[in-house]
Structure formats: structure tokens, C-alpha cells
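Participant: Here is how the chains run, residue by residue.
Number of protein chains: 4
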Amino acid sequence: MSGNTFGTLFTVTTFGESHGPAIGCVVDGCPPGMALSEADIQPELDRRRPGTSRHVTQRQEPDTVEILSGVFEGKTTGTPITLLIRNQDQRSKDYGNILETFRPGHADYTYWHKYGIRDPRGGGRSSARLTAPAVGAAAIAKKWLFEKFGTTFKGCMSQLGEIEIPFESWEHVPNNAFFAANAGIIPKLEEYMDALRKDGDSIGARIDVVAQNVPVGLGEPLYDKLDAEIAYALMGINAVKGVEIGAGFRSVTQKGSEHGDALTPEGFVGNNAGGVLGGISTGQDITASIAIKPTSSIRTPRPSIDKSGNPIAVETFGRHDPCVGIRATPIAEAMLALVLMDHALRHRAQCGDVKVDTPQLR
Amino acid sequence: MSGNTFGTLFTVTTFGESHGPAIGCVVDGCPPGMALSEADIQPELDRRRPGTSRHVTQRQEPDTVEILSGVFEGKTTGTPITLLIRNQDQRSKDYGNILETFRPGHADYTYWHKYGIRDPRGGGRSSARLTAPAVGAAAIAKKWLFEKFGTTFKGCMSQLGEIEIPFESWEHVPNNAFFAANAGIIPKLEEYMDALRKDGDSIGARIDVVAQNVPVGLGEPLYDKLDAEIAYALMGINAVKGVEIGAGFRSVTQKGSEHGDALTPEGFVGNNAGGVLGGISTGQDITASIAIKPTSSIRTPRPSIDKSGNPIAVETFGRHDPCVGIRATPIAEAMLALVLMDHALRHRAQCGDVKVDTPQLR
Amino acid sequence: MSGNTFGTLFTVTTFGESHGPAIGCVVDGCPPGMALSEADIQPELDRRRPGTSRHVTQRQEPDTVEILSGVFEGKTTGTPITLLIRNQDQRSKDYGNILETFRPGHADYTYWHKYGIRDPRGGGRSSARLTAPAVGAAAIAKKWLFEKFGTTFKGCMSQLGEIEIPFESWEHVPNNAFFAANAGIIPKLEEYMDALRKDGDSIGARIDVVAQNVPVGLGEPLYDKLDAEIAYALMGINAVKGVEIGAGFRSVTQKGSEHGDALTPEGFVGNNAGGVLGGISTGQDITASIAIKPTSSIRTPRPSIDKSGNPIAVETFGRHDPCVGIRATPIAEAMLALVLMDHALRHRAQCGDVKVDTPQLR
Amino acid sequence: MSGNTFGTLFTVTTFGESHGPAIGCVVDGCPPGMALSEADIQPELDRRRPGTSRHVTQRQEPDTVEILSGVFEGKTTGTPITLLIRNQDQRSKDYGNILETFRPGHADYTYWHKYGIRDPRGGGRSSARLTAPAVGAAAIAKKWLFEKFGTTFKGCMSQLGEIEIPFESWEHVPNNAFFAANAGIIPKLEEYMDALRKDGDSIGARIDVVAQNVPVGLGEPLYDKLDAEIAYALMGINAVKGVEIGAGFRSVTQKGSEHGDALTPEGFVGNNAGGVLGGISTGQDITASIAIKPTSSIRTPRPSIDKSGNPIAVETFGRHDPCVGIRATPIAEAMLALVLMDHALRHRAQCGDVKVDTPQLR
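Protein chains in written order, with UniProt numbering: chain A, 1 to 362; chain B, 1 to 362; chain C, 1 to 362; chain D, 1 to 362.
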């Protein structure tokens, strides 16, 4: 209820602060009997971890995961699975002056007013580092969904600031620091980021994610619609300011005769729906896009106030991502996977294995 | 858990179908001692109800609300408040052939596959008519928030298809059928809608909503961030395909030095944040925009399949909104109000009345 | 969260007050496709309703149930099922002086201090009349559990004040006003109650309930143990002060060699467990007993205070059950059924259809 | 939802197995700004830990707690507090043969059928060792309740098998291995336990707990009644088979004129209510009793079956408590504290600080 648990049947309760002793999560509700070890989880954490290129924060964290519970002789037992990641590279002194001032665009101000106390070390709990436990938990969800339905998840950066990144092929994504599905554009992106870093500024980005081989019928009809829950999950990622499903804001200018995806015996024609109709999955690909704002912790001085209300110019040193969007792709995939996992369990709770005579389309 | 309850501490459990005997909701968690009668709720329902102009569905529903419980001698008692709205103008025969086919872009197909059964009368539970109980419940939330904090809610249509509607003044909104904050553009909008109706087609729209005088500190830090919950609430409205908070997708091309709203002793400068930082309200206006897709029930024939999987052309008769966006403004306000109400209670549960020495900015 | 919703996956949200216009509930999470009509629910309500013998309150309420939603052409659709019961025989004037004083042993005092306001008409929401909606909801649960697993529910009064009622046969239960499983003892019970009524006093009782043909594996291991949830459900019935599962308080004096029910290829020997081990159903009968306190609303004058804190003698007129235990049997069965239904859905959410090679015992 | 989280606003999510690497919990919802360190928690864990007398299991576990998150510079920050306890004295080989057979009265059988897999090392998650994290979490709750309301918790064993333990004084409790509030009876209890151990058998017990200085108004009126939640919390403790509030099963033979606690300007007379009326705290002491069954893991051979369904005699070696009731007192106090903490937050969420003009009684 205090906002540290994600999900209703497949729940992820995370804990920890950026520069505390450890971060981690308790995953509850995982079906029993699935093979699971750290080797299933570590690769997803590695995709997200910092320090892997010059374009992201230089904090060095191996993000090594330890499974503390819930697995016996290599299989899930149906009891809570705890993932623990010890923090290794804390440099809390970097943040010394932050305690007395508020960074424009940062959670400093709101945490202070909400709680009357805040952990300033690396942003404490408001740090994007806290997405790591969810990425670990999502590795479990992805494995179950793949084994059960063949569901897979993909994502890529589709825009960096003004630079649109045309989609070429998913196979480019693991081969560059930007999760771009385009090989030729990489030098341009690197040049842009190098200049930005020199200026001490930051930039926004757009990320696209897709889930494929999703069964029809996931999602609840009124308030826990699948698209509503995806919007919740994605908007909850640090720095996200916008979420689209399927055609998204393009729907504003579409006519009904254009927007509604035709059904044919061979499948759906088009996917303006983004795989969701009436809040329930159609069996098409689930597609979503998110807008990520530029990092608020920048070296460029900005007008702000201190805790006594006096005007002050704030510059942020320490180690920060100049574009948090660069590492956001695996996080967005993870959140999408957690939503689908949760709804897969919710669906079978109420509906069991529904049989209908209509062919299921993709 | 089956998706018919909204909120965690201020909960709204809705029920009913478009052409069943009644729709309504149970509102639980309302603080005791607030004056409340049907007269506080009916005006909000009247703003949303059908049949008020030629540009919306011609179904005639007075949407008269009856309070069945939770109020004693004109005051809330802290027990559940039940709102009942009897359906008056059912014409189920209009939907006769829908049971055997699926409308492209409609929940017909997904309900059928999820449940193995569906109520085809007016879309059953998937009808936008089911937003009425939430609008009623939100009237209670709005009243409490206003009495406690002075919080107010406003909304307007900012785009109809290709037609952008420049903001002039909130005072225009109640004076036209479109909830447009612009008087001069109304003839153009009417002309557009008249042509569209003649064509038997439908169109998308964009709606903006604002909450003013919101206290600082509402929202939970990791997963029930205020913006995440707003995204959930707004994306859950029928036909919504995109949600933005503050700068939204404009953040993609912004630099950090531009996006972060400066703090000064006199207040925030700008509102790219949309009133939320780190998932917690800043005290600025909460601003959000939504994209609404065109109605899927249109007279224009569309390719689809029947329940045996055979190809068929579907035309939808009956009474439908050619632009569901036209009646969406009060609904979007309502969902925003429900989110803020819930988080106001959640905040005082954990934090009570926090006192900090920093001035609170707007 | 405000305590008016029962269950997590099969949820019952009740509303209404004893002398308001109506009481009822919204049942969410019912699996789709089950045949359901008022005729399935009314008989359970009839077993609980007042005015059926001279030993219970003389309030005349037919408790006629109306299904407002969730059923289409005689089948559940998977959407919320709303049950509405209009109150018919309010006599609020009977309770006029109660608003200024507090009955010893009654919720008057605590509601007043909790909410600062209370509905005094017939106890408002604290009335045992509010068990009716749960009994209605449980009729739905019982039907589903019976169709799915053959599960049945039985209950009887096993003690009235000092009078123990030896169990003879379930078939006696529907044939007397006390739900006694014993025919010969009825005259003694009637004589006792007649004398008590003359004295203007009330008396406690003990009720036993059993669920038969319960599948193995229902219940969660740590905090939502099946027995913990049964205890919660039964202790939550008005006037209940004690709950036992299986051997209950007899376990205190048992040795391990006596208490643990032996397993044999033919089944369990004995049922000290009451059908639950480690919080999970064994497949044996689920057995529970409850202690019901005497009604607090009695004609005998009792020392109390008024709202100014002055001493006063309170006598309660109006219509009351001199032994609330008499009508408690169908309520206890209902709450047990709601727990099992909820856990049946929870079990299949996480575990699906588990297959083990060990024989399942009863 | 899978039963490893306790509470709704002050939530405790536990994890771990008896012989896994660690056990622990995540405590979410703790109000910010309270001084907290391991020194506040360790003493409660020490009261519960094994190996402290010859009458309990000889497993040697220091149960040293580490706070992993949620505290900054000695104060709670409002973010999740994680408690980690590393297991030290695992001897899993002791349990080798258990995997193939089922102990009568043990969760072996039900876990196997529920999940199709179970961790047999020390009972895995069904071990009473898993009460330790809740005891740690409750130390936080106790501290907050004491600082806020002066609330304190006490408990004692009131019966061991046939031996009733007359209450003399709370001050005896910390001075004996049984948590008995009676000094003279200790030799008799020790003699009884020594004989029992020699016989390889186990025995039940009764425990009483009390909360003092509880504010009036805690508890929700219909389904989350304070007494219902206490029953849930206490019945959920391993081996508990019965729960009483106040007069408990004595209520069965009481008349209304005897049971209802009179109110006088000086306070309540008597406490048959056990501090709860209509599900809401009265301000009186909260009193509850529990029945604890004898341990199922005994050396005495018992008839059972193996996983192929063949009859077999089961004897359990390894280290076990011959009377789990002996260490149950701090656990029962802890669960009571968690319930009150949760309801203290729930109360202020909905009702804030209610002011009524009637004097508050004790």
C-alpha cells in the first residue's frame, strides 16, 4: 500500500536505496516447479547495469544477484523468491551538498515534503538504480511466460532527443550501447552524446517495447485493463512522462474506418490497437512507447532554493546518466513482462482454461 | 482483483451493464462527517450524460442517482456509500446481429475469448456508459478535496481529429457541446461533426485535464507513483490510447537544462513536471493529456469474421457517439479526482501531518 | 480497505444499514458460464431471515433478492454480480433514545468514538442484518464449489447457554427453529427460550460448521492459512467471541501421539486437524466451532453513561433476537463457503492443476 | 496474495525457509522519522530464539538481525525496512527420510499436494522458524505504538497440557523458560517436560496475550473487525487451533445481563468484551487466548503412508520443540502488535483525528 509492491498475484516487493548496503526484492506468487537459478536472472541485470559504455553513469556495479529463498534443488517451490544485490560502489560524499538544496526536476523536493526526512545518498530510494530488482524479478516472469505461451519481449530506443532512429532489425539492438535497432545511426548517436556530456547537459528519449505471442484474454475489463496496467507500469519507471499503446496519440487524428484493425480468417490486419481491445489482450503483439525526460542531475547550474527558501544555483556533480533513456529499454521490457505475468495468473484464477469455438487470431 | 474496483483506500466498486436493469457503485473509505446528498452528485452526472447534443449518442438517459447507503441525516457516516442509477432507455434489439460477429476495434472479440460468454446488449460491461458510476463517485471525492485543500478540477478538449483547439479560457467550456475552451472554433467543430455523421464514420480527440491547489506530498515513491496511477486511471477510460503528464512526449527532445522546472522563493518556474516529481506531487498544477481513439461502432462496413471464423462485412447500427472524446472531459476529471482522493488518504495513513521548515511552493 | 469487502479473488463488497432503504452486495470474481438466478440464492436468505419463529426477532423482512448485474440469459458473465435487498419493515422510532446513550456490550460506543457520527436506526451498519448480503453471496460460492468439487456445507447449534445439544443427525436441522441436529431436545430449548424472553434477558450459544468434499491444497502457507482465514471469517460474524478448528481448545491437553491424525492407505484416522495442516486443506472435512455471546440489546436495565458522560440506566426496547446464535448457523456456513471459494480461485491462480503421484486421502 | 504478506497499510512480507541461507522480511508503510536500529529489534528476537533452555529445540541460532534498508542516520525514512537473519545452524541431513513420507499432523502432506514439490529441510517454509521475521517486524510496530499511544504488550502461558498456571504477576514471565506468570509452578512444569521428552512425545498449551493503552476506535466495522483480524493473526501462528477474545467460549453460557460490560463515568466494569465491541476497540485492554496443539514431529512411531501410498511407521528425529507453546508467547504478542499497528494507520487514513465530546473510557 506504500507503493513498494508491484502486482497483485505475481507480486514484487522491492527494497533498498542507491547507496545503502543492498537492494533487492521478494517475488511472491511464482508457480511452483519451474527450473530457476541465478543464471536465468543475471543476464537481464547485466543488460541494465551501469558502467558498460562511456554514455552512461560510470558507477561500477556488477549487480550480482543472490537467490535467498524460494528455490529448492533448482526448482521454484511456490514460496517467496528473494533476490539480493549488494551495492558495491557507493561514493556518498559526491552528494554532500544535495541535502541542503533541491535539484530542479528531481524528487529531492517532494521526498522532503512528503516524509520530512530523506536519504540524499545517490537519490536514496528515488534513484533509477531501484529498477534493478524489478528487472531481476521480470527475468522470472519472462521465463515462465516463455515456457507456458512462447511469449517473448523486445525493445529499442526509437528517438534520442531530435534524432529519430528508424527501425531496421531487432538483431542490431544487442550490438550497440543505445539499444538501437539500427546499425548505421550509431556514430551519429555517439557524437551527439559526446557533445552533450561536454556541455554538462542531458537529453530525453523515446523507447518502444513489444511483447509477442501473448495469449488472448489477459486483462480485466473495467479498472485493471491490460493497457491501463501497462500505462501504470511504464509511467512508473523513473523519468517517464508519456505512454502510448498501439497507435497512441496518432489515434487523435484517425477515423474509425482507419483505426479499427480488420479481422480476417488469416488474422488481424494492422495493429492500431497495440494488442489490446476493451482492456483485454487480442493475441496480436502488445506494443507500447514511452517518453523519457532528460536527467535532472546535470552539471549546468540551475536556479533553485535551499532548505531555508533562499535562492541558490545548483550544479550536480557525482556520476549520472546524461540520458537515462539509454538504459531504459530492458527496464521497459521488464515492466511489461511483470504486467503480463500478473494478468496471466489473474486470468486463470477467474476463468481457468476457457474454450471458445472461434479461431484465435494473431 | 477482477478489475471492477478502483483505488486502495478510497475504493469505488462499480457494477452493471449498458442495457441491464441498473448501473452503480459502492464507494468505500469516504471520511465520515461530510455533508452529502444527491444534489452534490447529480450535476457531475449531468455533464457526462448522453443525448445532450446532436453530436453524441441519442440514447435518452436521465442518469438519476439514488444514494442507497452511507449517509445519515445528510452526512457521511464512514460506511459504504452506494450510488444506484437505473437504466431507462434500453433498446437491446439494436444489437441483435452483434452477437455473431466482431466489430473491428471493439471489445467484442476479447470478451468472447476471455469469458466464453458475453452480454452483447450495448456492449454490456465494455460500454462507456460504465464510466457514469465513477463520475458519480468522483463527485464525492471532489467535494472532500475541495473542502480539505481547495483542490479544483478542470478539463477541455484540445484537439478534434486534425483540428487543434487553442486554449482561450476555461469559461467557454460549459457553453458548448465539445468542452472546448474556445468559443470561436465551435462552428468549425460542429460542421466537422455533421459531415462525419453523414459519412457514418468516427474520429479521435485529445483531452487535457488539470487539478489545481493540490497539496505537496501525494503519491508513493516506487510503484504507486502519482503519475503512474494517473496514467493507469486515464488509460483505463474507454478508448484512451495515450497519456502524457506535464511535458509528456515533448520531453523526448528537451535538454535537462530546459526541462527541469526552476525553483525560486516565489514558486516554480514552468511546469514541465506536470506537478509530479519522483512520483510525488509538488504542489504545482497536475496536468495531463489523453489521446482518444475513434469509436469502433460505425455505420461504414468493415471486414471482420463471424463466430465460425468466416469473413463478413460488419456495419453497426444502433446509437453511438461518433466521437467518444466529446463526452470524455468530465470522465477524465473524475478519474484524476479519484486518484488524488485515494492518495490523500494514503498519505495521511503513513505520514500523518508532516511538518517541514521549507516553504511549500506552487 | 475500510472493511466492507470480503475476500481477495472472489470478493463480496457489502453495503447498507439495518433501517436504510436497502442492503446488498457486489460479488466480483465469479467464474463465467455458471447458471444462476434468484432461485439459487433466495433459499439461503430464507434460512437466515428474521421473523420465522417466536424465538427470534419479530421484524418482518421477506429479504427478497434482486440480481442487478453480472448475469446474462441465466448465466454468469464474469462481471460483477450485484444483489439488492430492499428493507421493508423499518421502525426507526423504536430506537429513538439510543442515540443519546450506549448499550453495554454494544457497538454504540465504539462507532461513536471511531467516526464521530453514527446511524442509530437498528444499529445502522453494526446490525446482524448485514450478514444477509454475505449469505446471498455465499449461495453463489456454494453452487460453484458444489458443481466443481461436490463440496457441501452443514451446520448446527451444539450448545444453547448451559444446554449441550448432542449431535444425532443432520436431518433434524431443517426441522426446528434452532438448527439443532437433535429432535428430542427441542421442547427443552423452547422452554428455555420462553423463560428467557419473559425475563428480558439474552443468552449465548455454540455453533458447529462442516465443509465436506473439500479438495486438498487450498490455503496459503504463511499468513493466509486456510484456518487463519476461517478464523477471520467466523470471528467477524456479529457477536462471535471464539473460534476453534478441529480439536480446538482440546488440543491444549492432547499429546502429539494422540493429536496427529494417522494416515493410512484408506484415509485419515480421526480429524483433530479439522481438515487443515500447515494452513492448507488436507481433503478431510473442514470442521469449526464458534462461541456466540448473548445479545447486548436486552430489556433488563443496565448501568451505562449518556453522551455527556453521566451515569444512566439503559433498557432496550424494539425487536431483538434474545439469542443471536439461533440464526447464526446459515451465516457461519456462508462465511466458511466464502473462504473456500476464495482459496479455490487463489489456488488455481498460482498452482493451476497440480498433479502428484500420491493418492489423495479423505 | 500468495499469503506471505501480513497487513494492509503496515505490511510485512516475509521470506525464507528453515534451512535455506537466510530468512527475513520487508516492512512497508512504517511512518517516517522514528528512531530505529537493530538494538530495538534484537531483544524481541532473543525472546523467541531457540536453544535457550533444555525444554525447547537445541538448534543454535543467534538470530542476529541486520537492517538492510529504510533507515538513514538512525531514523526511518518511510521507505521499506528490510530485516535479514542469516541461518547458521542448518543440519539438513537430519531430515533425509522425511521427503518420502508424511508426518501425521504435519504440513508435509498438504505442501506436497498443493505445490507438487516441497523443501523438506526442517519443514522448509512451514517451520515455526518463520515466525522470527514477524517478531522482528513487530518490534518496530511496538515501538511506534508505544511512542504514539503508550501501548504495551504482555503475554504468558496459562496452561501446559493438563497443568493450569494461575496468574500471579507479569514480573515472573521473563524469569522462567515457560513465560509463566507464576514462580512457584516452575518446578512442576520442568518435571513434566523432562518426562515428556524422555517419552519422545509432545504436548499442547494455552497462551494469553494482552495489549494495554489501546486507543478507542481501531478496527473496521464489517469484515476487518479488529477481533476478526486478531483471530486471523493468532490462528495463523503455527500449531494454533483455537482463538478467544475476551470471555471467549465462556460467552456461550453467559446471559446478556452478565456479559455486557457496564459503562460508568469511571470506566468500564469488567472486560468480557476483551476490548472490542462491534469489531472496534473500546479503549479497554485487548485480551486474547490461543490453543496450541502438540508438535507433530515426535520420536514416537506413528502410522502413516509413503509417497507411493504404502503404509509405513514414521518416527521423527532431528531437533524439535516438544511443546511449541513454550516459545509462542512472544510470537502471539508480535502478531497482536502487527494487527494494532495496521489498524492504527487504517484508522487515521479514513478518520483522521476524530473529536467527540463523550469521555473516553478504559
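No wet-lab data here; the hints were simulated from the structure.
A hint or two may mislead.
No copy is singled out in the list; a pair is fine if it fits within one copy or between any two copies.
[Stated by the list, open to error] The list that follows gives simulated cross-link-like pairs (lysine-lysine, DSSO-like), each with its CA atoms no further than 27 angstroms apart:
| hint | residue 1 | residue 2 |
| --- | --- | --- |
| 1 | Lys355 | Lys75 |
| 2 | Lys307 | Lys154 |
| 3 | Lys188 | Lys75 |
| 4 | Lys355 | Lys188 |
| 5 | Lys143 | Lys154 |
| 6 | Lys198 | Lys307 |
| 7 | Lys154 | Lys188 |
| 8 | Lys148 | Lys355 |
| 9 | Lys188 | Lys148 |
| 10 | Lys154 | Lys198 |
| 11 | Lys148 | Lys75 |
| 12 | Lys143 | Lys188 |
| 13 | Lys198 | Lys148 |
| 14 | Lys75 | Lys198 |
| 15 | Lys307 | Lys355 |
| 16 | Lys75 | Lys255 |
| 17 | Lys143 | Lys355 |
Participant: With reference to the structure, classify each hint as holding or not holding.
Facilitator: How the hints compare with the structure:
1. In this assembly of identical chains, the alpha carbons of Lys355 and Lys75 lie at most 27 angstroms apart only when taken from different copies (16 angstroms versus 30 angstroms within one copy).
2. When the C-alpha separation of Lys307 and Lys154 is checked against a cutoff of 27 angstroms, the pair qualifies neither within a copy, at 44 angstroms, nor between copies, at 32 angstroms.
3. Within a single copy, Lys188 and Lys75 get their C-alpha atoms no closer than 46 angstroms, and across copies no closer than 48 angstroms, so neither meets the 27 angstroms cut-off.
4. In this homomeric assembly, Lys355 and Lys188 never come within 27 angstroms of each other (Cα to Cα): the closest approach is 51 angstroms inside a single copy and 49 angstroms across copies.
5. When the C-alpha separation of Lys143 and Lys154 is checked against a cutoff of 27 angstroms, the pair qualifies only within one copy, where the shortest distance is 14 angstroms, while the shortest distance between copies is 44 angstroms.
6. Within a single copy, Lys198 and Lys307 get their C-alpha atoms no closer than 30 angstroms, and across copies no closer than 61 angstroms, so neither meets the 27 angstroms cut-off.
7. Taking the shortest Cα distances, Lys154 and Lys188 sit within 27 angstroms of each other inside one copy (23 angstroms), while across copies they are farther apart (43 angstroms).
8. Taking the shortest alpha-carbon separations for Lys148 and Lys355, both the intra-copy value of 17 angstroms and the inter-copy value of 17 angstroms come in at or below 27 angstroms.
9. With identical chains, the CA atoms of Lys188 and Lys148 are never at most 27 angstroms apart, being 41 angstroms at best within one copy and 53 angstroms at best between copies.
10. When the C-alpha separation of Lys154 and Lys198 is checked against a cutoff of 27 angstroms, the pair qualifies neither within a copy, at 32 angstroms, nor between copies, at 43 angstroms.
11. For the homomeric pair Lys148 and Lys75, the shortest alpha-carbon distance inside one copy (16 angstroms) is at most 27 angstroms, but the shortest distance between copies (30 angstroms) is not.
12. Taking identical chains as interchangeable, the C-alpha atoms of Lys143 and Lys188 are never at most 27 angstroms apart, the minima being 35 angstroms within one chain and 53 angstroms between chains.
13. In this homomeric assembly, Lys198 and Lys148 never come within 27 angstroms of each other (Cα to Cα): the closest approach is 48 angstroms inside a single copy and 48 angstroms across copies.
14. Taking the shortest Cα distances, Lys75 and Lys198 never come within 27 angstroms of each other, neither inside one copy (49 angstroms) nor across copies (39 angstroms).
15. Taking the shortest alpha-carbon separations for Lys307 and Lys355, only the inter-copy value of 13 angstroms comes in at or below 27 angstroms, while the best intra-copy value is 62 angstroms.
16. In the homo-oligomer, the alpha carbons of Lys75 and Lys255 never lie at most 27 angstroms apart, since the shortest distance is 51 angstroms inside one protomer and 36 angstroms across protomers.
17. Proximity of Lys143 to Lys355 under the C-alpha cut-off of 27 angstroms is found in both arrangements, the shortest distances being 25 angstroms within a copy and 21 angstroms between copies.
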